[in-house]
Amino acid sequence: MSAQSPGFVPEGSAVSLPPTFVNDDERIRSWLLTTDHKRVGILFFVTTALMMALGGAFALVLRIEHLTPDRTIVDALAYNRLFTMHGVVMVFLFMIPAIPGSFGNFLVPIMIGAKDVAFPRLNLVSFYFYFVGAVVVLIAMQAGGLDTGWTFYTPYSVQSPSAVVPTLIGLFIVGWSSILTGLNFIVTIHTMRAKGLGWMRMPLFVWSIYGTSIIQVLATPVLGLAVALVAIDHGLDWGLFDPARGGDPVLFQHLFWFYSHPAVYIMILPAMGIVSEVVCTFCRKNPLSYRAIAYSSMGIAFVGFLTWGHHMFVAGLSTFDAGAFGVLSMLVGIFSAIKVFTWVGTMYRGSIAFNTPLLYVFTFLFLFVFGGMTGIAVATTSLDVHWHDTYFVVAHFHFIMVGGTLTAYFAGLHYWFPKVTGRLYSERWGLLAAALVSAGFFVTFFPQFLLGNAGMPRRYYDYPPEYQTLHVVSTVGSWVLASGMIITVGYLLWALKSGKRAGKNPWHSASYEWLTRSPPPPHNFDDTPVFATDPYDYTETGRLSHE
Amino acid sequence: MRAISERATLLTLLALLGLTALSFALSYVHLGALNIPVAIAIAAVKATLVVTVFMELAVEKFTVKVSLIMGFVFAALLIGLMVADVVTRADAPLLPPPPS
Amino acid sequence: MSDAKATHLEHFQDLEQQAHAARLGIWIFLASELLLFAGLFALYGAYRAHYPAAFGWGVDHNVRALGTLNTAILICSSYSVAKSVHMLRRGRPRFAAGLVAFTLACGCAFLVIKGVEYATHFREGVFPGGHGSFFLGQPQGLKVFYTLYFLMTGLHGIHVVVGMGLLVWLLSRILRGQLAVPHTHPLDIGAVYWHLIDVVWIFLWPIFYLTPGTF
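Chains as they are written, first to last, in our numbering: chain A, 1419 to 1965; chain B, 6 to 105; chain C, 602 to 816.
This is chain A alone, in the form it adopts within the complex (with noise of 0.2 angstroms):
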């Protein structure tokens, strides 16, 4: 196995470096202030990074209750507000802002050669939104924060006693944020583009920013109205869903699915997306087919819209409506096979170097096909009858959003660290902490799916003595898993401050944001950029501009 040497600048060099987006202006003011899309990348990167932690907290919580069939640490109030926590901080405030917010705001305008997003002040106003909204969430949280599930379905989370409003205020504003992203790339990537940049010629990681900003923009105001129904049902006692008065609650779960699917594809589009760019680099190869992975992208951005229902199959739906929703979940899968199948043939016959990003995409590809595969099964609403609400679709969407999701947020952080911060990590330790990642969640969350097959309902408190051992397994591997995420972090900010300087390209790439400067001057480029070979030219006339 051999990871390949990169390139690094002498330490001490007389050179008197010219100004990075980092040192032009170091006062906390031009921080808080910025209009620079790679600060204000920096900004959602740490507060996202802050949230993810904190959800990863609750989690620990979790699986050690779990440890034994009754009360372990928590009692089963604090239990049902914790999972519940859980969800609301894991998805709301770090798996949909994390990897647009901090990636995409850093990269897309390299990427294409621009100066900054289409609208830089709108950006800052993007991240303060999320910021605020989180701010209040956690108030909320502080408050008690709330026991409905993630999901808050009705007619429980209007008369729930617990800090729904509040919370639900938060994510509203937040909400925001996430819709003012997306139309700021949307309208990045179209207008902004260098000079004969045409849209086949783009990184592929910024197909999968446009696909997800689409979606961003046309799902979220949908979440913003329910979450807004179910605040004013439960603080003015409106009882739109209440069938008491003749509301039905399965309507709500419409609204709030119609975003929610969509928004497991906010989630995993960017990872694919950072995928195609690690596994083209470190294979040195131009994708299989760039066409498959761009108009994938679009696919499922498209196709995730018409597959709602499948969270309602046992909630009381028609029977049409199911039927209708069990073919096309199918539909979405086939975008994520061409994916999976352009990725490898990209491998195949690639000249593979074995650095801690693509340790990750390893991982990923494993993870990411054993989840899409047991998503397939619970969209065949015959099986889901069995799986619903069981620890069978838990380990579903962990696999996909841990094992895929936050697998390849680990590839981009590390791959990216260079160009961001201007240092080297230690691959020895990245090889560490990848094994025990990658480990540590297969020990967490493979268990559940026996747990769930075997009738285990998700978000109980207690369960039979029966299920204890699978319980402990995946409590053990939670440890794992987490004392490999708290390595990476310890030895990340050790390179921040004394790792080796990178030069500009430590991985030889082709792609463009390798062609400036690390970290980037701040105005990403020293000279307008004019990219003259494709991003994913291997060949020797196309690494010879790299080099």
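Note that these hints are calculated values from the structure, not bench results. Ideal Cβ placement from N, Cα and C applies to all residues, glycine included. Treat the hints with care, since some could be wrong.
Claimed, not checked - Every beta carbon over 10 angstroms from chain C, so not counted as near; a handful from chain B, in silico:
hint	residue
1	Ala95
2	Pro103
3	Pro104
As the list claims (entries may be wrong) - Straight-line Cα separation of at most 30 angstroms, BS3-like style, residue types lysine-lysine; simulated pairs:
hint	chain 1	residue 1	chain 2	residue 2
4	A	Lys1703	A	Lys1918
5	B	Lys70	A	Lys1922
6	B	Lys70	A	Lys1533
7	B	Lys66	A	Lys1703
8	A	Lys1533	B	Lys66
Go by the hints and put chains B and C onto chain A.
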């Protein structure tokens, strides 16, 4: 961008007011089950006029047109499948039957 | 003498790119607004399928003439703001300003009429959420009808107020000479938002005023 003429704008105003009057008149005619679809259809024509002429979508770039069309497509999807659910539930009562 | 910006913001290459970006941006925003209202229209459709008779009765009970008057007012206001855009592009900012002012007046008239309608409902004991003396002994569907009525017209009303705020701001910029040829696209943006309000009402009007069905 090509321009929409002021004449076209004025004619659109007159058409809109005319269609409004038509819709108002038809609302007094008993068309049975057709009343709702007819009213919505006239509304759709009026909306199209506002969007294409007043909002100048007719002369906007293709990308802009597509954004709105996509919005309508997904809006129709949401409304369609949600209403279809209720309409095709086989007469199930909203409230559970009283205990026997 | 106008101090309208002939230059563009720094990150754009030229004013044309900036104007195109602004227009694309507002249309994308409009698509998101469309989905917001679509959710409510979907609720209306689903609940009307549940309670056709009650909804029909509720529609009939609204004052058709007032709803129609409001429709005509908004259509005229759409025309006036569209014309103001033309006038500003033709280099006649004062005419444009007058038309924007007329649009604002229409918006006020619309809100006044809506206020009158709401007041009538409140006097009858009709409040959202099935609260109010009116609902005693009435079918369930009527509660849902009025809750949706207040929600949908209320959300629309909020958008009217926001739209008016936007137009007031744009009017002040025109009067101060900041919006003039070649920098006229901000008024396009505001006008497009105003037209959205008109379009939404074009659909609210039939479903709340014109379709009593059979009951």
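Notebook entry, point to check: Against which earlier hints does the structure fall short, listed by number upward?
Noted result: 5, 7
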